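Residue 370 in my numbering sits at position 83 of the sequence shown, and the numbers go up by one each step.
Keep in mind that a hint or two might mislead.
[Said to hold, decoys possible] Below 35 angstroms or equal to it, Euclidean Cα-Cα: the simulated DSBU-like pairs (lysine-lysine) are:
{"hint": "1", "residue 1": "LYS326", "residue 2": "LYS353"}
{"hint": "2", "residue 1": "LYS388", "residue 2": "LYS432"}
{"hint": "3", "residue 1": "LYS388", "residue 2": "LYS326"}
Bear in mind the hints are in silico, worked out from the structure with no lab data behind them.
Remember, it's a predicted structure, so these values are computed and weren't measured experimentally.
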Amino acid sequence: MAFIYYADDEQEIRDVVSSFLISEGHEVTTFENGDLLFKAFQEKECDLVILDIMMPGTDGIGILQKIRGISKVPVILLTAKDTDADYYNGLALGSDDYLTKPFKPIMLSAKINALMRRIRFENEDRSTDKKTDLICGNVRYSYVKHELAVNDRPLSLTPTELKFLIYMMEHFEEAVSKEVVL
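Start from the sequences and build out the full structure, keeping to the hints where you can.
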């Protein structure tokens, strides 16, 4: 399902959360502090990050801000800090969700699944948007129908001509060398 990084300074909580998430089908790498998580994240990005806020070294909010500086990966704050101000600040600073301890593991699973579903839908939307119609001036190519039209009139081209035209339409704002075209 998801490749997750999880940082919490409490070993027992890390073990319980990790075991539960693994049983739900996720791959989980745990860290005893946020600095170690961020170092690993810089080397290999994950699908989702879960952070405790109160940890030695850089706290969870600091790690969240570092992550937001380089990535839009979903982040859940999992913490004992439970005031409205804590909740507000966590979300305002870029977390995607906030869950307070003690918590029910099934709620964490539901939040993870919702975030992963949202990411999947966003990615699917982007890929289908790119592959519906390609428009350049008065020339339109439909990826779905495999039809080319100029001023809404169908135009027939050889496969090579069509491939060339589509390439040029996709790269119309770029200088293209003849080596690439040939």
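So, going through the hints one by one against the coordinates:
no. : hint            : result
1   : LYS326 - LYS353 : 11 angstroms, holds
2   : LYS388 - LYS432 : 53 angstroms, violated
3   : LYS388 - LYS326 : 26 angstroms, holds
Checked against the numbered hints given earlier, the structure breaks only hint 2 and satisfies all the rest.
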